[in-house]
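So the sequence shown is numbered by our numbering: it starts at 1 and just counts up by one.
Do not take every clue at face value.
Quick list of in silico lysine-lysine cross-link-like pairs, DSS-like style, CA-CA up to 30 Å [to be verified]:
(1) K332 x K356
(2) K448 x K538
(3) K618 x K392
(4) K107 x K92
(5) K738 x K657
Ranges of calculated distance between the beta carbons of each label pair, as one might list FRET restraints [said to hold, decoys possible]:
(6) W695 x F586: 13 to 23 Å
(7) S268 x R596: 53 to 63 Å
(8) I205 x F75: 18 to 28 Å
I should point out that these hints are in silico values taken from the structure, not numbers from a laboratory. This one's a predicted model, so the numbers in the text were calculated from it and none came from an experiment. We treat Cβ as the ideally placed atom computed from N, Cα and C, and that holds for glycine.
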Amino acid sequence: MKRGFLKTDKAKNALGKECLLESDRSPPGGKKMATPKQEPEFVPTENQSAEDKPNSSKQLPQDPFVHADLNITPFTDLHRLPPCIASKYKNKRRAVFCGWPRDPNGKPLGLPGSNIHGKETPNGFLSWGATLYDFYYVRAIPHVENLLDMTSGSRIAAAVRVLGETDVAADELAWADQEADPYEVPVADPGELIQSSELRMSIGIYNKFSAVDEVRTRTTAKDDSNSTKHPPNDGNSRAEVNRNDAPWNGIASVLMLDRPLSSPFHPSHYPQPWPFIPFSCPKTLLQKRIPLHLLPETLYVHDPYDLLSVSESTLDYPQPEATTPWLEKPPKVHQYKLKLISSARNTVKKARKEAKEEARKEARVLHVYRFMPTEEERTRGEPAYEVPLPTKPPALRRVEEAHLYLSPAGELGTGHHSVVYNAEFELPRDLFLEPQICSTCVFEELQKETRKLKKSGKWKTMLQAAGCERPPESEAEGSPDENYEIPVPPDPNEEFDAEQITVIQRTPCNSKGSPPPPEVTPYVFRVHCPDIQWQNPKAPCTHVTHRIRPHPRTAMFQVVAKLSVQHDAHLEREARNYQSFPDHFFQHWNGYNLVRPLHGPVPVHALVPQFYGYYIPKDIPVPTASSDEDESDRPYLSPILLLENCGVPVVPSKLSKDDREECVSLLLRFNNADWLHDSVAERNFLVQRGPPTMWPLERTITDQLSFRLIDFGRSRLVEDPEDFEFLMAKDKAMKLFKMMFGLFE
């Protein structure tokens, strides 16, 4: 085939069998790659040229990449440059290398300023491709050899179809038609990360950091008999102190003992070895976006080191590491409240209304487990059993409280107006994990009820009424129990709009494999089991203890807490901006964008850190004439901006050209949404290993970097997208990362 697409016989045969080129090649839903129409390849003789091809229109010289032998196979990584191209780019990993042929007598393509669209993400950029093989050089005017444009295959395909130019690039059109659609890529599931962390903690790996004295003492005694009198190093202590005279607060320094029993933060909901000393063991990074209506309304800030009282001296001089361990500091907790702008409050109101309606609909669906009989049970005349499940606990529609822990050990850096800390953020576990029910427990309860039915003698009556074959007499155990009453449904007065039946095929214990599904039995009995329960976090059933141990009703995460000095408005403006940013600023999308004036495709990851709330102190007393202290005597408490931890500031000289292009693309995407950053500097571009869409273990071994733009205290919307300030910001970013304007490289 021409232009290097699927040129090998092996690739053609594989494609003919509908073999997918790559998982990303097919859009969601499993759409197969179709075989494009082929023409016999013309091989010129010694005295011929490509222009001598019979029955073809005259082809103008193409750029050299058009005819490169890309040799695509089912094993080709479509997110890397092909070897024949990579050798031309030294250390570059992303570039446009395909060419789209044009009819030399064709009309101008007219893409700039046109309403022709291909596949796009919500960020407004017209050139999006699922892989590097989905971008092309194309002649905007066919007979003008050097007038090249770069754009996506889906957009070119739409344009040439408008012109009726579909025969010249049949292969490219077929390839573009099978391109995957853009979709939002979720970050690593925090629910699974929570369960993995809980399993590590429950088996005792971090017991020496437990805030429970008996757990910690018992563990340290095994390690060193002389260490039982000394608390563990919790990351807040650099020097040893005399602990004989120090007060010991134990678990009270971590938990609030006055929380109501209904709160997931009540001390009774923490099985040993929980809770752990803050900043003593690894915490999961919180990188999933939390909708505004699920941000905690009240934040209890544990600040034994008085870090909330930010002053100018805090910014001018680095804070020394704490010399007193957390457990020896007197508990100090401040209550904060969530502050949202008016548009965000309207969004919250609308989202809660929708969540309430969704919960109402979900409550009217009866969930049922249907247990199919084994082959042996079918021969005995056993029917299939349906067990209605108890009402599922409703999903959270609002989060009333969360807890934040601050320590000097978490300081990340200071700026002109603010100081930033790594903080530990404790949230209700139900925010990330749905309630679970054990199918084995349900089946065991079913067996108990059927035994009672058989023993009562009502079982035979039920079978006869259904016209079902009577089971052997041995099924009845003992004398009939005339006092047995059939359980009523769990919600006898509840009317359901629909039923959702989950069919469970049971396999005998001595089976050597999965047998073929049995024929559907004509008899289905519904048995109500009143003792079925959803999993209890403190006491999960024995069937799941290999993967789920007793755990608290909360989960601890690592986030960034940004504080500011008194009378500074930057932090509040930044919080307002985060609430005003469009959704696509926070979203990770598959594929790549071409962002002018950059020459290479760049990933479409999140642009800014996730926003986890802006909190201000609650109920600060107002001084009165009779008060002995005035405003200057009360300690200042900084507002708190909670954000995702996105890494460390970049060092442009240590980045590859691809990475520098990606950094510049962040600012260009920001500007494209009519936002002006107004503080372009190295410190405001962060880098971390691997994107948040990877699992933590993958991120430790990947060489891929991901970037984020931060610090929006000066940012603002600009009405005129051609504003001179935009041009200056773009120029500054291009110079900062040593990128070039002008001709393609």
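Status of each hint after checking the structure:
1. Taking the CA atoms of K332 and K356, the gap is near 36 Å; set against the 30 Å cutoff, the hint is violated.
2. Proximity of K448 to K538 is assessed by CA-CA distance (about 25 Å); at most 30 Å being required, the pair is judged to hold.
3. For a cut-off of 30 Å, the pair hint linking K618 to K392 is broken: about 35 Å separates their Cα positions.
4. The suggested pairing of K107 with K92 is violated, with an alpha-carbon distance near 34 Å, which exceeds 30 Å.
5. In summary, the hint linking K738 to K657 is supported, as the alpha carbons are separated by about 9 Å, within the 30 Å threshold.
6. Take W695 and F586: their Cβ atoms lie about 20 Å apart, and the range 13 to 23 Å holds.
7. Hint check: S268 to R596, Cβ distance near 59 Å, so the stated range 53 to 63 Å holds.
8. Distance hint check: the CB atoms of I205 and F75 are about 40 Å apart, inconsistent with the given range 18 to 28 Å.
The structure does not agree with the numbered hints 1, 3, 4 and 8 stated previously, though it agrees with the rest.
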